[in-house]
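A.B. asks: For the protein sequence lines, the chains are A and B, in the order given.
Residues in the first sequence are numbered from 1 upward in steps of one, following the numbering used here.
Residues in the second sequence are numbered from 460 upward in steps of one, following the numbering used here.
Hints listed in this document are in silico derivations from the structure and should not be mistaken for laboratory results.
Being a predicted model, the structure only gives us computed values, none of them experimental.
Beta carbons are placed, not taken as given, at the ideal position from N, Cα and C, and that holds for glycine.
One thing to keep in mind: the hints can contain errors.
Think about it this way: if two alpha-carbon atoms lie no more than 16 Å apart in a straight line, the pair counts; the simulated EDC-like pairs of lysine to aspartate or glutamate are [unchecked claim]:
(1) B:Lys560 / A:Glu288
(2) B:Lys560 / A:Glu291
(3) B:Lys560 / A:Asp284
Computed footprint of chain A on chain B, listed as stretches where at least three residues anywhere in the stretch have a Cβ under 8 Å from a Cβ of chain A [unchecked claim]:
(4) 639-645
(5) 650-658
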Amino acid sequence: MISHDILKRTPVRIAAAFASLFAVTVVALVSVLYITLVSELDSSIRQHVEEITDTLTAIDRQQGFKDLTAVVAEEADSVRDFDSIFLLRADDGSLQAGNVQNVQLFTGWGELDRAWLPMVASKGNPDDRFFAKWTRVSKGHLLVGGSDREIREVRRILLHGLGWGLAATLLLAIGSAVYLARRAQQKIDVFATTLSKVSRGQISERVPVTASHDDLDHVATQINATLAHLQKLIENVNQASSDIAHDLKKPIGRLRRRLESALSSDDDTAAFRGQVEEALADLDSIVETFEALLRITQLEAGARRSRFCNLSLSDVLADIADIYEPVVEEADGRLLTSVNMGERTEITGDRELLTQLFANLIENALRHSPVATRIDVGLEARGDRLVAIVADNGPGIPEHERDNVFRRLYRLERERSTPGSGLGLSLVAAIAELHGATVELADNAPGLRVEVHFPRASG
Amino acid sequence: MRILVVEDDTETSAYISHGFGEEGHVVETLADGRDGLTQAMGETYDILVVDRMLPGLDGLSLVRALRAVGNKVPVIFLTSLGGVDDRVDGLNVGGDDYLVKPFAFSELLARVNALARRPHLKDAETVLRVGDLEMDLIARTVTRAGDNIELQPREFRLLEVLMRNKGRVLTRTMLLERVWSFHFEPRTSVVETHISRLRTKIDRPYGHELIHTVRGSGYTMHDQP
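Isolated chain A, as found in the complex (with noise of 0.2 Å):
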């Protein structure tokens, strides 16, 4: 079952970890941001500070103490917002001008309480603070300071913009969060109820794949591909067991009637032993249709391709027509064979299990085709292909039976009333397979062309 705790669902988790990611992104981009601004601010509130510092003590050292005292009173009286602060004492400690009071004297730069300086005025803003700094004048001290009220601005716009991103950062995480969760969550539930369906026995539903190749698509196309594949098997097991009690249901009912009638032959001896040997040779062909049943279930699951090697598929086709050749004879027929290959004839496989391929086919056309039959054996090169071929000029087999007679243990309506156990050609496929060949069954005209198409051994 899927769980449905929000907490375990994959989407969400990759959600909160992409949205906490996002936020200490925006957090350090923002601390850089200030960190920067702060300290050009800083640096350049400084620089204000000393150029005025540096006017003032040219007015003092050009033009005397006493101008100095009505420039800087002058200053002070035009400061707006008080974003500045000055302060001149005389060398007795008397104020000469100025905007604060009672500041005490120090070296290098000072960082000034507006909250702690007596003010003269008692305008602005009372978080401000002063970068200030003392300098010494011909007959006194002089205190300037610059306001760091854009600092506080800096900082107070960045901390709203901060405020705001977070926000909107974890609104969108928080967001597609849901969205991909929901949309994965619909896919996989999907899949659930489809595989659950199949657990059920419904092996034929499949689960939908959507136009947008996502990796829960790839899953899909890989379910549905399991899932053929399986339900091709059982459709074959299924096939194969009630084909099997079809077909050995007649044998084994012919063997107990003859063992029957055998046990009431009372004293005829002869009687009697003919009829057990007819009925081992019925039993025989039992074993037999058996025997190439397990055979084809081992080959389709690939048994024996471990033992595969290089071997030339013109000698393989030559020796069976060799083989067969006085035996189509002995049936008033004519066995053709065409094997005339200069090149190279190489595949990979089984020399045992494709003499019994071929073996398989010429017997097929022999026993489906009337007295006097031509059949011909032949091998070609189609491109990295090589096609071997068997023809006959018998009945052939109908355009729509081409793919049953495959299947195993099936007959065409026409010999439903000759012998054969209708596992030939499904072991032929088995073995084509196994190999990686395709059979293909085509019209003579008239008769049966069957081609093996084989992949050329590599290398």
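Got chain A sorted already, so can you dock chain B onto it with the hints?
C.D. replies: Chain B alone, transformed into the frame defined by chain A:
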């Protein structure tokens, strides 16, 4: 002959030992693989009939162990239906022949006879003889009563297998395996056709048959009338 049968299915085991008993052989039967190995190492047998699936120790391991200590007693494996790879596995560990259950006793008997009395052909022996039929393995020629007989390579091979097993029965299946490398049962009369062709060439013109059909079993070659 002294035969050891290692087979856990008591019915099969009884069937085999009864059959060999009738043929005048001495048969000992064991049902456990380990007992089988101990017995085969301790005593001398002419042939071993070993089932692939055994309690205690499986047939393959039994034979592998025997071969590992240098025991060369001929071994026939018995195996159940459908093992596509079984025959090759069996031969790989050092088995000499292989038979799928269920089998006709005549088949097992023919194979045991072929194995047990396999004559150690002297290297010098390059000419096979049955009656007035001669086969020269070097020159690859066949003559009967002095006449040269032309044979196709496959006919030559068939005749060679028959002649090498002079006096012994070769079943259809054995011929299929040894002459044509068919390890399956063809549905047409491959063996019969080729035997008949061979007979036309080596027997028919001379009136005295050397290739004999053993009813219900197979073929044999001898020149007894």
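A.B. asks: Please go over all the hints and tell whether each is borne out by the structure.
C.D. replies: Verification of the supplied hints:
1. B:Lys560 / A:Glu288: holds, 11 Å
2. B:Lys560 / A:Glu291: Holds: Lys560 of chain B and Glu291 of chain A sit about 10 Å apart, inside 16 Å.
3. B:Lys560 / A:Asp284: holds, 11 Å
4. 639-645: holds (count 7)
5. 650-658: It holds, with 4 qualifying residues against the three required.
No hint from the list above goes unmet by this structure.
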